[in-house]
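Chains as they are written, first to last, in our numbering: chain A, 19 to 312; chain B, -19 to 292.
Honestly, the hints are just simulated from the structure, not real lab data.
Here the structure is a predicted model, which is why all the values come from computation and not from measurement.
Even glycine gets a Cβ: it sits at the ideal position worked out from N, Cα and C.
Please note: incorrect hints may appear among the correct ones.
Interface residues of chain A toward chain B, partial, derived using beta-carbon atoms under 8 Å [stated by the list, open to error]: (1) V60; (2) L64; (3) L124; (4) I126; (5) T129; (6) A246; (7) G298.
Here are the simulated lysine to any residue pairs, SDA-like style, with alpha carbons at most 25 Å apart [as the list claims (entries may be wrong)]: (8) A/K45 - B/L47; (9) A/K45 - B/A106; (10) A/K47 - B/S113; (11) A/K47 - B/P38; (12) A/K45 - B/A174; (13) A/K47 - B/R(-17); (14) A/K47 - B/I179.
Pairwise CB distance ranges, derived in the manner of DEER restraints [said to hold, decoys possible]: (15) B/D49 - A/F58: 52 to 58 Å; (16) A/R44 - B/R8: 54 to 60 Å; (17) A/T129 - B/G53: 21 to 27 Å; (18) A/L227 - B/W278: 37 to 43 Å; (19) B/W278 - A/E275: 49 to 55 Å; (20) A/K220 - B/P75: 55 to 61 Å; (21) A/G82 - B/I275: 34 to 40 Å; (22) B/I149 - A/S73: 41 to 47 Å; (23) A/Q201 - B/I275: 36 to 42 Å.
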Amino acid sequence: MNTATQVFDDAEKGSSLWHDAWLRLRKNKLAVFGGGVLLFMVVVALLTPWLAPYSYEAQNLDLGATPPSAAHWLGTDIFGRDLLTQIMYGGRISLAVGFIATAVALLIGVTWGAIAGYVGGRVDAVMMRLVDILYALPFMIFIVLLMVVFGRNILLLFLAIGAVEWLTMARIMRSQVQSLRQQEFVEAAVSVGLSPAAIIRKHVVPNALGPIIVYTTLTIPSVMLLEAFLSFLGLGIQPPATSWGLLISYGAETMEEYPWLLIFPGCALTLTLFSLNFLGDGLRDALDVRGSKD
Amino acid sequence: MLRFILMRVLQALPVIFVVITATFFLVRSAPGGPFDQEKVVIPEVKKALEAQYRLDLPLHEQYFAYLGDLAQGDLGPSFKYPGRSVNEILFSGLPVTAELGLYALMIALIIGVTAGVVASLRPNTAQDYVPMSLAMIGICMPSFLLGPLLVLVFGIWLDWLPITGWGDIPGDKILPALTLGSAYAAYIARLSRAGMLEILSQDYIRTARAKGLPEWRVVTQHALRGGLIPVIAFLGPAFAGLLAGSFVVETIFQIPGLGRFYVQAAFNRDYTMILGTTVFLSSLIVFFNLVSDIIAAWLNPRLRHQLSGGGS
Chain A
19 MNTATQVFDD AEKGSSLWHD AWLRLRKNKL AVFGGGVLLF MVVVALLTPW LAPYSYEAQN
79 LDLGATPPSA AHWLGTDIFG RDLLTQIMYG GRISLAVGFI ATAVALLIGV TWGAIAGYVG
139 GRVDAVMMRL VDILYALPFM IFIVLLMVVF GRNILLLFLA IGAVEWLTMA RIMRSQVQSL
199 RQQEFVEAAV SVGLSPAAII RKHVVPNALG PIIVYTTLTI PSVMLLEAFL SFLGLGIQPP
259 ATSWGLLISY GAETMEEYPW LLIFPGCALT LTLFSLNFLG DGLRDALDVR GSKD
Chain B
-19 MLRFILMRVL QALPVIFVVI TATFFLVRSA PGGPFDQEKV VIPEVKKALE AQYRLDLPLH
41 EQYFAYLGDL AQGDLGPSFK YPGRSVNEIL FSGLPVTAEL GLYALMIALI IGVTAGVVAS
101 LRPNTAQDYV PMSLAMIGIC MPSFLLGPLL VLVFGIWLDW LPITGWGDIP GDKILPALTL
161 GSAYAAYIAR LSRAGMLEIL SQDYIRTARA KGLPEWRVVT QHALRGGLIP VIAFLGPAFA
221 GLLAGSFVVE TIFQIPGLGR FYVQAAFNRD YTMILGTTVF LSSLIVFFNL VSDIIAAWLN
281 PRLRHQLSGG GS
């Protein structure tokens, strides 16, 4: 009897689903590792101005490119700049692009999908047909085009990448909303006279959170990859700012003489992408997104 | 089936139209005319040039004239290389990129399907974990990092393979194709593993085993056909990715293909070239998406009804 009320109390708190998911996630070693690395990267990126061993602009032309040593843990580049410092500052930009562009995508995608799924009918058909058409566009080519036409501007880069990535988000959100809309608690909310906007905000979005979180985690690495791709081609981040993609591109030019300039920035990027993917996969299993019928 | 193909084609046409229109006005709205940065040109010459490129007409007339040319398959002259047409440049690069893409796709399919099928046969054992970990590395290792690393190891340190060029020295096609194909090998491995796992748990596979078929025949004759559908559906989008990937790979290995021309045109602000290449590549991608959809629907009749059943 006692245990029965206990279970009931837990259910009433409404935290058991998230608690279970957290327990499942904690058991997944790769996901925990990914989360740990990611946390570390974010903290380092936030504290870079205080943590960086050297100043970002400091050059030492007499020193030139040196392999890793006690003074410069990851070596220096051809201008004698400390590579660790460069990687730390580059990481700030790479991570910022990843998070901000994903946030843009999240905002557009969730709003679009929620409206289409909730309103349904003709509005839904038009909105989703538009998504279908945009989906078929070769966006990689368009982003290159945008960067050429409007100059190479970081803000535009955020927007352009965000504008590409919202499509899948909108599709996921729409199918979630469509299935949630038929649930009784939404009907109940309608019957007490809540406005559609309030229903979407208070009842639909929180219940669709699982797939959104999972997809968000998996969008960040693909966005970071896109930024690095553009920077590598010279169409993304412009000097004097730097990013991991740009550092890799410099490293590739001089790798024959100074291979560490390619290898360390490459490790930073790959490790971060790795962590995000592991965390995303782990979250997918923990929140049981497949099983919950997407 | 015919209805399905027709529906798909009708959906693809507006996409291509949107691409052409959007690209045209984007490129035309770019700041600065094509001849602005050149040394001062005599007004008469400039006028003649502008007339040649139809820049003296109002914008909407330029647009319709461009559409007219496109309908005849003419992408116009290049801004940067006077005397050469965009068509010429495109078609000199196309065979190179097509060959590179083909090799990359072959590598991706052979490695990817083998790894995925092998992993799916004994899930959650070393036979599964090893190929899937490699696949994860393949996905997280972008081509612009993998390419230089391969060059460093096999081209410079071991000195086994040439590091630039295309078709000049034997073996110089190996590294570019490998660089371009590896990420797709990784995706295909994951897709084919997931697809195979789902099929292998079906009743008809159990029946096939129960009637005493050897395991390799169960896999090759019964499971593969269904298990590889996700891979085939992936090939259309993969093609778009291969083209974008060729931008990087052709730049790294200095291969005279479409991707390199596109990036160069982007740097040179060769507007007609950008416009022409974008329209051409986009149409190509839309076309390949169409073909991959049709093949997927042919293999899986259920999909056909879902997609052409009116609703979205």
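Here's how the hints hold up against the structure:
The interface hint given for A/V60 is violated, since its Cβ lies 18 Å from the closest Cβ of chain B, which is over the 8 Å cut-off. Checking A/L64 against chain B: minimum C-beta separation of about 23 Å lies over 8 Å; hint violated. The beta carbon of A/L124 comes no nearer than 22 Å to any beta carbon in chain B, farther than 8 Å, and the hint placing it at the interface is violated. The restraint placing A/I126 at the interface with chain B is violated, with a minimum CB-CB distance near 18 Å, outside the 8 Å limit.
Annotation: A/T129 was flagged as interfacial toward chain B, and the flag is violated, the nearest CB pair being 18 Å apart, outside 8 Å. The closest approach between the C-beta of A/A246 and any C-beta of chain B is roughly 6 Å, which is under the 8 Å cut-off, so the hint is satisfied. Checking A/G298 against chain B: minimum C-beta separation of about 12 Å lies over 8 Å; hint violated. Note on A/K45 and B/L47: the hinted pairing is violated, with a Cα-Cα distance of about 59 Å set against a maximum of 25 Å.
For a cut-off of 25 Å, the pair hint linking A/K45 to B/A106 stands: about 20 Å separates their Cα positions. Annotation: proposed proximity of A/K47 to B/S113 holds, straight-line Cα distance about 14 Å (limit 25 Å). Proximity of A/K47 to B/P38 is assessed by CA-CA distance (about 64 Å); at most 25 Å being required, the pair is judged violated. Between the alpha carbons of A/K45 and B/A174 the distance comes to roughly 22 Å, so the proposed pair stays at or under 25 Å and holds.
Taking the CA atoms of A/K47 and B/R(-17), the gap is about 49 Å. The hint is violated against a cut of 25 Å. Taking the CA atoms of A/K47 and B/I179, the gap is about 28 Å. The hint is violated against a cut of 25 Å. Hint check: B/D49 to A/F58, Cβ distance near 56 Å, so the stated range 52 to 58 Å holds. Taking 54 to 60 Å as the suggested C-beta distance range, the pair A/R44 and B/R8 conforms, at roughly 56 Å.
Between A/T129 and B/G53 the CB atoms are about 42 Å apart, so this pair departs from the stated range of 21 to 27 Å. Checked against the hint of 37 to 43 Å, the pair A/L227 and B/W278 passes, with Cβ atoms roughly 38 Å apart. Separation of B/W278 from A/E275 is about 54 Å and conforms to the stated range, judged on CB atoms against 49 to 55 Å. The supplied range of 55 to 61 Å is met by A/K220 and B/P75, whose beta-carbon atoms lie about 58 Å from each other.
Roughly 56 Å separates the CB atoms of A/G82 and B/I275, a value that falls outside the hinted 34 to 40 Å. Look at B/I149 against A/S73: about 46 Å separates their beta carbons, and that is inside 41 to 47 Å. At roughly 38 Å, the beta carbons of A/Q201 and B/I275 sit within the given window of 36 to 42 Å.
This entry does not satisfy hints 1, 2, 3, 4, 5, 7, 8, 11, 13, 14, 17, 21, going by the numbered hints stated previously.
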